[in-house]
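**Student:** Listed below are the residues making up each chain.
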Amino acid sequence: MMRSPGAARTWRDAKNVAFITLDTLFWSKKTIFVAIVSLLIIGLAVFGRLILSYHWVNAPFTPAQVFGTLMSTAVVHFLVVFVTLFYGTALISEEVEGKTITYLFTRPVSKAVVMLGKYLALLWVSALLVVPAIVLSYLVLYVGADMRPFMQDVGLLAKDMGIVFLALLAYGSLFGLIGAWFKHSILAGLVYAFGWEGIVSYLPGFTRKLTITHYIQSIFPHENTAGAIAMLIGRRTEPAEAVVTLVLMAVFFSATACLMVREKEYVLEQ
Amino acid sequence: MTGILAARNLSKWYGQVIAVNNVGFTLGAGVTGLLGPNGAGKSSLMKLITGQLRPSQGEITVFGERAWNNPGLFRRIGFCPEQDSFYERMTGAEFLQALLRLNGYGEAEVRRRAQDALALVALADARDKKIAAYSKGMRQRIKLAQAIAHDPEVLVLDEPLAGMDPVGRHETIRLVRRWGREGKCVIVSSHILHEVEAMTSNILLMHNGEVLAEGDVHQIRDLIDKHPHNIYIRCSDARRLAAALVGFDDVVGIRFHPEGDAVTVESRRPDDFYRRLPELMLEAGLELEEITSPDDNLQAVFHYLVK
Numbered sequence: 000m001m002r003s004p005g006a007a008r009t010w011r012d013a014k015n016v017a018f019i020t021l022d023t024l025f026w027s028k029k030t031i032f033v034a035i036v037s038l039l040i041i042g043l044a045v046f047g048r049l050i051l052s053y054h055w056v057n058a059p060f061t062p063a064q065v066f067g068t069l070m071s072t073a074v075v076h077f078l079v080v081f082v083t084l085f086y087g088t089a090l091i092s093e094e095v096e097g098k099t100i101t102y103l104f105t106r107p108v109s110k111a112v113v114m115l116g117k118y119l120a121l122l123w124v125s126a127l128l129v130v131p132a133i134v135l136s137y138l139v140l141y142v143g144a145d146m147r148p149f150m151q152d153v154g155l156l157a158k159d160m161g162i163v164f165l166a167l168l169a170y171g172s173l174f175g176l177i178g179a180w181f182k183h184s185i186l187a188g189l190v191y192a193f194g195w196e197g198i199v200s201y202l203p204g205f206t207r208k209l210t211i212t213h214y215i216q217s218i219f220p221h222e223n224t225a226g227a228i229a230m231l232i233g234r235r236t237e238p239a240e241a242v243v244t245l246v247l248m249a250v251f252f253s254a255t256a257c258l259m260v261r262e263k264e265y266v267l268e269q
Numbered sequence: 000m001t002g003i004l005a006a007r008n009l010s011k012w013y014g015q016v017i018a019v020n021n022v023g024f025t026l027g028a029g030v031t032g033l034l035g036p037n038g039a040g041k042s043s044l045m046k047l048i049t050g051q052l053r054p055s056q057g058e059i060t061v062f063g064e065r066a067w068n069n070p071g072l073f074r075r076i077g078f079c080p081e082q083d084s085f086y087e088r089m090t091g092a093e094f095l096q097a098l099l100r101l102n103g104y105g106e107a108e109v110r111r112r113a114q115d116a117l118a119l120v121a122l123a124d125a126r127d128k129k130i131a132a133y134s135k136g137m138r139q140r141i142k143l144a145q146a147i148a149h150d151p152e153v154l155v156l157d158e159p160l161a162g163m164d165p166v167g168r169h170e171t172i173r174l175v176r177r178w179g180r181e182g183k184c185v186i187v188s189s190h191i192l193h194e195v196e197a198m199t200s201n202i203l204l205m206h207n208g209e210v211l212a213e214g215d216v217h218q219i220r221d222l223i224d225k226h227p228h229n230i231y232i233r234c235s236d237a238r239r240l241a242a243a244l245v246g247f248d249d250v251v252g253i254r255f256h257p258e259g260d261a262v263t264v265e266s267r268r269p270d271d272f273y274r275r276l277p278e279l280m281l282e283a284g285l286e287l288e289e290i291t292s293p294d295d296n297l298q299a300v301f302h303y304l305v306k
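One line per chain: the protein sequences are A and B, in this order.
Numbering that gives the first Met the number 0 numbers the first residue of the first sequence as 0 and each following residue consecutively.
Numbering that gives the first Met the number 0 numbers the first residue of the second sequence as 0 and each following residue consecutively.
One chain only, chain A, in its complex shape (with noise of 0.2 Å):
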């Protein structure tokens, strides 16, 4: 299929954005702190390797469980809130406070597409501070004389990494709007990850359908305890709807985001 020039100029133009955004977004503070939880994840892997190897939990225990609790737990609900949060949050914001925003906002593109950009950059980042984290894990956790476990559950790992890009994208986008929406904005996305995700999701009936922890943990390959909870209050949601759900949530989000950009004023203190 052919692009249209729009098309193929408003990817140019987000991509150019992204370039820019990425370095400072990279070279930033936060990503001290994120590489510090991601050395944390690694280091729980190599805990649970020592478990398996030296027998020191007398049950049954597999490296598909130690890597399925690490990445339900560590990674999913607590590694990729994080990294959004704190990235997505500052998208629009540490530019604003920073003042660098206007030379983005006196370019002939769109602030929409500005905002796009920031978006991409932001999965980039995301994406190259956490994908290491669970690669290594699984490393951590599998190589060894019989190499077997690890063929088998290959699978595995690349579905895991599947619903990290899903969990990135449905999170980036709605912490980029909030970003763009709120002064305070990693204040409302703390509430919304830790406050509202974390209650309303384990409420029985349909709002817990109004979170994003909840379709993530409907197509997750684990068991975990937070699933367990979940199916005690009620059903999953079908995999093939929520991932269709985590897209529709992810495009949604990520276009009021590059909607309330266009239209929002970003008065710089003086």
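These are computed hints drawn from the structure, not numbers from a lab.
Careful: at least some of the hints might be erroneous.
[What the hints assert, rightly or not] Okay, the calculated beta carbon distance ranges per label pair: (1) A/GLY5 - B/SER292: 28 to 38 Å; (2) A/GLU264 - B/ARG74: 41 to 51 Å; (3) A/LEU202 - B/ARG74: 44 to 54 Å; (4) A/GLY5 - B/TRP67: 18 to 28 Å; (5) A/LEU38 - B/TRP67: 17 to 27 Å.
Each residue gets a CB set at the ideal place from its N, CA and C atoms; glycine is no exception.
Add chain B to chain A, keeping to what the hints say.
**Tutor:** Just chain B now, kept in the frame of chain A:
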């Protein structure tokens, strides 16, 4: 004058604060100085011109198109902001190239234009140095470079001389005058009269969000000269200096300070006064220790115009 830029009943307010109050003007090619004290509304007006702010009332057009939310106009507009903010980790060349890519140029054109702009503001040698390591004057110049790199027809420069060394100031003034002669519409803001005077004789005088006067800078200069101008002088013998100054016909008042070694002189023609003073000091054998003007020239004119 052909109107490139036009404002009609233009106002901008933030809550209860009025930044720009019912302003109207038409600007064509050439340099226009936007003159006014801090807080007069110059920066807000410039942000309205460059479509960064939405008018609360009235409208502002550039080439007949509304400025707000009109990114296409930025192919023809260059903006040099007042704030000292940058992507600090970038080098000067990277900064210009990154912004030029947003103008839609191909890579070869991006590099050529960045190089030309760096050379124009005398930063070619510092092109690969990180902006974080630039001096204040260099930062001002790279800000100017990003505004002109795409060769816009309209240039909006917010306090471009702030923080520049004398050589940089001289060079920037020369460039601004050249762009004006080349037919660009250049709007340059400052709160210092002689800076604007060096660039253009055409001014918009702003105070409290309103345009108080529009036209030739020499008329403003005349107003200043008609208004008594305070000059503080500290010297080896203030009483002897006062006695000598009494004979000047432009001096309309002399006030002694409690410390005894200083006087404040009120002159109606400060330029004449400054010209004659060194000769008088020499003849009287007085040593000059300090000379300052506590009066902001413009502030005095604004009071005069408002009255």
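**Student:** Confirm or reject each hint.
**Tutor:** Evaluated hints:
no.	hint	result
1	A/GLY5 - B/SER292: 28 to 38 Å	violated, 57 Å
2	A/GLU264 - B/ARG74: 41 to 51 Å	violated, 22 Å
3	A/LEU202 - B/ARG74: 44 to 54 Å	holds, 53 Å
4	A/GLY5 - B/TRP67: 18 to 28 Å	holds, 22 Å
5	A/LEU38 - B/TRP67: 17 to 27 Å	violated, 47 Å
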